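Trainee: Take a look at the letters that make up each chain.
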Amino acid sequence: MSVTPAAASTSARRLGLAPRPHAVARLARRNRLAVLAALVLTGAVVAAGLAPWLPLLPPNAVDTPNRLQAPLTPGHPLGTDEFGRDLLSRLVWGARVSLLAGVSAAALSLLIGVALGVLGGYYRGGVETAVMRTTDVLMAFPYILLAIAIVAGLGPGLRNAMVAVGIVGFPLYTRLARGLVLSLREREFVEAARALGSPDRRILARHVLPHLVSPVVVAFSLDVGVKILATAGLSFLGLGTQPPTADWGAMIATGRQFVVLSPHVVLLPGLAIFVTTLALNVVGDALRDVLDPRAAAR
Amino acid sequence: MTRYLVRRLLHLVPVLLGVSIVVFVVLQLAPGDPAAIMLGAEATEAELGRLRAELGLTEPLPVQYVRWLALVAQGDLGRSFWTKRPVLPEGLERFQATLILTGTGLVLSTIFGMALGVASATRPNSLLDRVSAVASLFGASMPVFWLGLVLMVVFALSLRWLPASGMYAPYGARGPADLLAHLVLPSVTIAAASTTLVARLTRSTMLDVLGQDYIRTARAKGLGERRVVVRHGLTNALVPIVTVVGVQVGYLLGGAVLTETVFAWPGVGTLMLHAILQRDYPLVQGCVLVVALTFVLVNLVVDLLYAWLDPRIRYD
Chain S
1 MSVTPAAAST SARRLGLAPR PHAVARLARR NRLAVLAALV LTGAVVAAGL
51 APWLPLLPPN AVDTPNRLQA PLTPGHPLGT DEFGRDLLSR LVWGARVSLL
101 AGVSAAALSL LIGVALGVLG GYYRGGVETA VMRTTDVLMA FPYILLAIAI
151 VAGLGPGLRN AMVAVGIVGF PLYTRLARGL VLSLREREFV EAARALGSPD
201 RRILARHVLP HLVSPVVVAF SLDVGVKILA TAGLSFLGLG TQPPTADWGA
251 MIATGRQFVV LSPHVVLLPG LAIFVTTLAL NVVGDALRDV LDPRAAAR
Chain Y
1 MTRYLVRRLL HLVPVLLGVS IVVFVVLQLA PGDPAAIMLG AEATEAELGR
51 LRAELGLTEP LPVQYVRWLA LVAQGDLGRS FWTKRPVLPE GLERFQATLI
101 LTGTGLVLST IFGMALGVAS ATRPNSLLDR VSAVASLFGA SMPVFWLGLV
151 LMVVFALSLR WLPASGMYAP YGARGPADLL AHLVLPSVTI AAASTTLVAR
201 LTRSTMLDVL GQDYIRTARA KGLGERRVVV RHGLTNALVP IVTVVGVQVG
251 YLLGGAVLTE TVFAWPGVGT LMLHAILQRD YPLVQGCVLV VALTFVLVNL
301 VVDLLYAWLD PRIRYD
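Those protein sequences? They're chains S and Y, same order as listed. Each step along the first sequence adds one to the number in the working numbering, with nothing skipped, and position 248 is 248. Each step along the second sequence adds one to the number in the working numbering, with nothing skipped, and position 189 is 189.
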């Protein structure tokens, strides 16, 4: 007997996998700030994606006679940096780096963390102990210092900075997933599946993992902003993106020495990080309100 | 309680061992040879070999780690490859500067965060509450190094009200007033995000607590609002607040490296950053151990505070 799309959709909605259209529309009407943030984020993503085709000056084109030009200079709407490079172009190209770094690092943390959390929560004994002690060790240390050590070990660069931030960030997802799985494994439907002889792999995939989707998606949406800040911090310290690649954190680091003469060289990239992370946090809060109405009621 | 304390103190050992092994392995697997970095590109292979032997780098990795661990057990964290000075006194001196910075940031964020949270909870949906909500979002979204630079530009370089960098003035007596003046901008920078986080958590916890029956009873008995909020409300909201304040210690210790870089604050964060880049293994490992030990001890203190704040919590 085939399942009709309407029935599948109802099932998906019951599992919290599909958005509830009326809830989304109601929240959009009430939360205009979230709609504005979503538009800002969409604009940033579109601009970053279309950067190679936009009518911008090359981001690495040095023009020393025109260095440190103020915003609204003809030909340079946002001014130029210490090498005469166009700031608007570098901010747009820097968006590609920052958004990619944030999403990739958060995705890596999610993959490692959820896998370990599910294993640690479902299988007790040695597996759980190993997972939780590993998490304790990583959480026993301020993560940015460990990320610095990992990047220094792997070598500076954007990819290694993303890997470092992704690795030190997984405990959040491990604890979240483990807590959820610990309660789910005692539920009747899991017991019933076990009694019917379902293998663990099938129980985890069909009955446990779907319940993790909503909270993990909310955590991920809020985590991307955190990862953008972390990778920008590593670039500020010289451990992330290497020159001359445009990166918001690195632009602040190199522009520091000119902050008195030309504050825009530092203010604009910082504002870009701030606005992007703010938009991500607002959208993440709104997503939580849609996917977890109990949190919205608090 | 004593058994719990002993158990938790014993639990520190594998955690610290784990941290030291992770950092040791990461550093040892790093490309880059400390001897080559120290002697430069002109060094001959014989010179490099002699220096590597002197630094103990020719021994197998497990032997190097166990030798270092044996020194740590005697209270000796080794000597810096570069300065040849003992790691422990130098690390502790720089750590003291970081503790001053993060301690001040923690005190500021706790006091102002709790005050703002209580005020927001007692006046929900007021202008103060909405401003606090917006500030919380702003605090969580702002890069700490950018905030530090903005504060430096405004208050130090433009208005010239405060010093721009360092822990003391280069000339003159290094007194408390000088330290305090240099501490303002970095501590406000490091406390900003934590303050908003503590404020939001205090608000949400206080709202839960102020909705309880015993609060209604206290008001019905005729107690003043301040007594109700502080004595009956805040006291019962302290457990989750203390938890997040404890977590903030780790955030502040970690975030210190960025603030220290912006303000040239001579703390352990910048020391570690330079040591990592120079492959100064003993200095990195020693500083990592000191910072990690502080962090796990703070977590232990937070757990012990629970039992003091809430008599229903008992550790057996």
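Derived from the structure by calculation, the hints contain no laboratory data. No experiment lies behind these values; they were computed from the predicted model shown. Among the hints, a few may not be true.
Here are the simulated distance ranges between beta carbons [as the list claims (entries may be wrong)]: (1) Y/E45 / S/R201: 48 to 56 Å; (2) S/T64 / Y/V134: 54 to 62 Å; (3) S/R133 / Y/R160: 31 to 39 Å; (4) S/G43 / Y/T235: 34 to 42 Å; (5) Y/A43 / S/V213: 53 to 61 Å; (6) S/E128 / Y/H274: 33 to 41 Å; (7) S/R202 / Y/V134: 25 to 33 Å; (8) Y/P124 / S/L111: 34 to 42 Å; (9) Y/R52 / S/G43: 50 to 58 Å.
A few chain S residues that don't get close to chain Y, going by computed Cβ distances all over 10 Å [to be verified]: (10) D136; (11) M139; (12) I150.
Quick reminder that beta carbons are idealized off the backbone N, C-alpha and C, glycines included.
Trainee: Would you mind marking each hint as holding or not holding in the structure?
Mentor: Results of checking the hints against the structure:
1. Y/E45 / S/R201: 48 to 56 Å: Given about 54 Å between the Cβ atoms, the range holds.
2. S/T64 / Y/V134: 54 to 62 Å: 42 Å, violated
3. S/R133 / Y/R160: 31 to 39 Å: 52 Å, violated
4. S/G43 / Y/T235: 34 to 42 Å: Violated - the Cβ-Cβ distance for S/G43 and Y/T235, about 47 Å, lies outside 34 to 42 Å.
5. Y/A43 / S/V213: 53 to 61 Å: Given about 57 Å between the Cβ atoms, the range holds.
6. S/E128 / Y/H274: 33 to 41 Å: The hint (33 to 41 Å, Cβ to Cβ) holds, given that S/E128 and Y/H274 are roughly 39 Å apart.
7. S/R202 / Y/V134: 25 to 33 Å: 47 Å, violated
8. Y/P124 / S/L111: 34 to 42 Å: 39 Å, holds
9. Y/R52 / S/G43: 50 to 58 Å: 54 Å, holds
10. D136: 6 Å, violated
11. M139: 8 Å, violated
12. I150: 6 Å, violated
The earlier numbered hints that this structure contradicts are 2, 3, 4, 7, 10, 11 and 12.
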